[in-house]
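Guided by the hints, dock chain S onto chain G, whose structure is given.
So the sequences go chain by chain: G and S. The opening residue of the first sequence carries number 1 in our numbering; numbering runs sequentially from there. The opening residue of the second sequence carries number 1 in our numbering; numbering runs sequentially from there.
Misleading hints may appear alongside valid ones.
To be verified - Computed spacing ranges between beta-carbons, pair by pair:
#: 1; chain 1: G; residue 1: R279; chain 2: S; residue 2: D321; range: 54 to 60 angstroms
#: 2; chain 1: G; residue 1: E185; chain 2: S; residue 2: P62; range: 49 to 55 angstroms
#: 3; chain 1: G; residue 1: E185; chain 2: S; residue 2: E66; range: 15 to 21 angstroms
#: 4; chain 1: S; residue 1: T134; chain 2: G; residue 2: A46; range: 44 to 50 angstroms
#: 5; chain 1: S; residue 1: V256; chain 2: G; residue 2: A249; range: 38 to 44 angstroms
Said to hold, decoys possible - Beyond 10 angstroms from chain G on every Cβ pair, some chain S residues (computed):
#: 6; residue: A26
#: 7; residue: R50
#: 8; residue: V56
#: 9; residue: G143
#: 10; residue: A191
Worth flagging that the hints you see were computed from the coordinates, not collected in a lab. Predicted model only: the values in this text are computed from it and were never measured. For each residue, glycine too, the CB sits at the ideal point set by N, CA and C.
For reference, the chains in residue letters:
Number of protein chains: 2
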Amino acid sequence: MRIAVDAMGGDHAPREVVRGAINYAAANADEVILVGDVPRMEREIADYGRGRPASVTFVDAPEVIEMGEHPAAALRSKRRASVRVATDLVRDGAADAVVSAGSTGATMAAAVFRLGRIEGIDRPALPAHMVTATGPIMLLDVGANVDSTAENLVQFAAMGAIFAERVLHVPAPRIGLLNIGEEIEKGDALARAAHELLASADLNFVGNVEAHEMIAHRADVVVCDGFVGNVVIKLFEGLTSYIFRSLRADLQQGPVAPLALLALKPGFERIRQRFDYERYGGAPLLGVRGVSIVTHGRAKARMMEHAIRVASEAAAARIPDVIAEWTRSHPALRATPVPGPASLGVDVDGASTLATGPGADV
Amino acid sequence: MRIAVDAMGGDHAPREVVRGAINYAAANADEVILVGDVPRMEREIADYGRGRPASVTFVDAPEVIEMGEHPAAALRSKRRASVRVATDLVRDGAADAVVSAGSTGATMAAAVFRLGRIEGIDRPALPAHMVTATGPIMLLDVGANVDSTAENLVQFAAMGAIFAERVLHVPAPRIGLLNIGEEIEKGDALARAAHELLASADLNFVGNVEAHEMIAHRADVVVCDGFVGNVVIKLFEGLTSYIFRSLRADLQQGPVAPLALLALKPGFERIRQRFDYERYGGAPLLGVRGVSIVTHGRAKARMMEHAIRVASEAAAARIPDVIAEWTRSHPALRATPVPGPASLGVDVDGASTLATGPGADV
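Same shape as in the complex, but just chain G (with noise of 0.2 angstroms):
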């Protein structure tokens, strides 16, 4: 496989986005190409020490789409972004898959309107992994949508129990609806609707799940509205490291403190393990024509390492094309376009929103 790298896109880049590049291609067989301002990826190469291995390669893309800016116009105006050329050179077949820690929004509009949209697919939705005890769930859409129809959540389910199963490994993944309660009367107009088709689709659906069955792993996939999916990852985030930072400072007291501790430190590296989402390395955005993975804008080299990895397993099991095979064969759950203008692009790094008709070209 050959992975197209977006190395200016997050908090660390280019240094651990070039860092996590070496380290995957040192270890692995695929490509990378490294898209960014050749200058800097060289001197972050020589800085790192470990060398340039053959199947590292650069492509110049001088220009960086800051998080503060529109994704759409930043993506018309600077035809030279790193996440711009990168995407492109998916879309021109000169790589299998695209992988970016830069401003989400960019990330998933440089997919829509520079890969498109797989046929019959209204709305492409991005998904987290949120970890437990028991293994990864994948909660979409968490942002690239608001407003989502049922045929909409419908869409998400088949898509990311596609990606579950093949890329994921998970057997026969549970569908769940993120839901206020367990019966299928509950919820709002789109939860009841949404229950409705899901119940009736030939997916394996397990019915509505509510946040705390979430966390209990009731379900491998879980489907919901954008706007509810992006307050749950970002609570899900504040409210864990605001428990964890608590904990340091409420522990670290007192005399003893130290030395127990240090005693605790075997316990502790296994919750540190627990917790440990970045292994899943990042999410890809699931309903467009390539394969773009979009991951933490504070990602680090080990992190950036796994979203290559997870890039490379994705286009290997060829998730958009199996996508594309699923729409052709339940032309009833393909979504009717909805009128005005598609949402794609609320950012879920809090960076400006996208809104722009569907099919639109930048």
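Just chain S now, with coordinates in the frame of chain G:
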């Protein structure tokens, strides 16, 4: 103040409810009216061995609405249900407030149908308190409504601010809108419309608040639709308890762990206090003509005691009168009644939904 307490509601009723009531009455000047099965309540008081303070009286109501029952139907058929009889005491002027740890749906339905809505309030709302390092955040609605309008959210904001200021003693509470980005144009159709309306109202509106910023206490009162709010509180509760369970499991392993944990006991006690939601007692159903406090189904004596205190403070502050005054002085912000069934009664404890026409009587 005279507080009617539903002695039969909750997982630990009547035992813990009776004990909480006795403890409260022993320490405060208020009257407590225990509503339930009189022989059982008498037995619990005898078992407790503290005697019955003169300020504790009984009202007989032998029927109980169970968690699985449909709230409206059960209220209609069980005329001597404890929560119905207790709520009627408020309606008839024999009590100043009612408290229940029973089915949230039934408690809310009793409040709406027996007390009635405040004129100009279209949808009563149920808040929840979320614990943070610097004080509680009031989030509303957490499940009394789904498919709210922007007007509903403005009313939630006004009602939440009134309660936060007069009962939680937060001076000039900062009101936030739960959203998925900081910018005005972010969010779904509801959030965008609500932002505009909140910004133009004479409220202390501080703008959009994302879920992780909520944890950082960026606002004192945060408004959202009940679907999202219900997901948030269930995730908050589920994730917090999951992390603490994981901690226990992971830290207790190894030969020196017990000793080290013993040394850290004061630290863990500080954390326990930090996440102690029991002291907030319970939440008022805001927008009904009387004070009705919903407390946790798992409430034990200590939390019941706090819930009765909240009821007393809300009654002393005449919260329903202040809300009615607000609606009178803000005729433009009175909600236009929505056609179709009101959704009040989605149960935060997972019991059945109550869907009924506005203003219907049981």
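Which numbered conditions among the earlier hints are violated in the structure presented, ordered from lowest to highest?
-> 2, 5, 9 and 10
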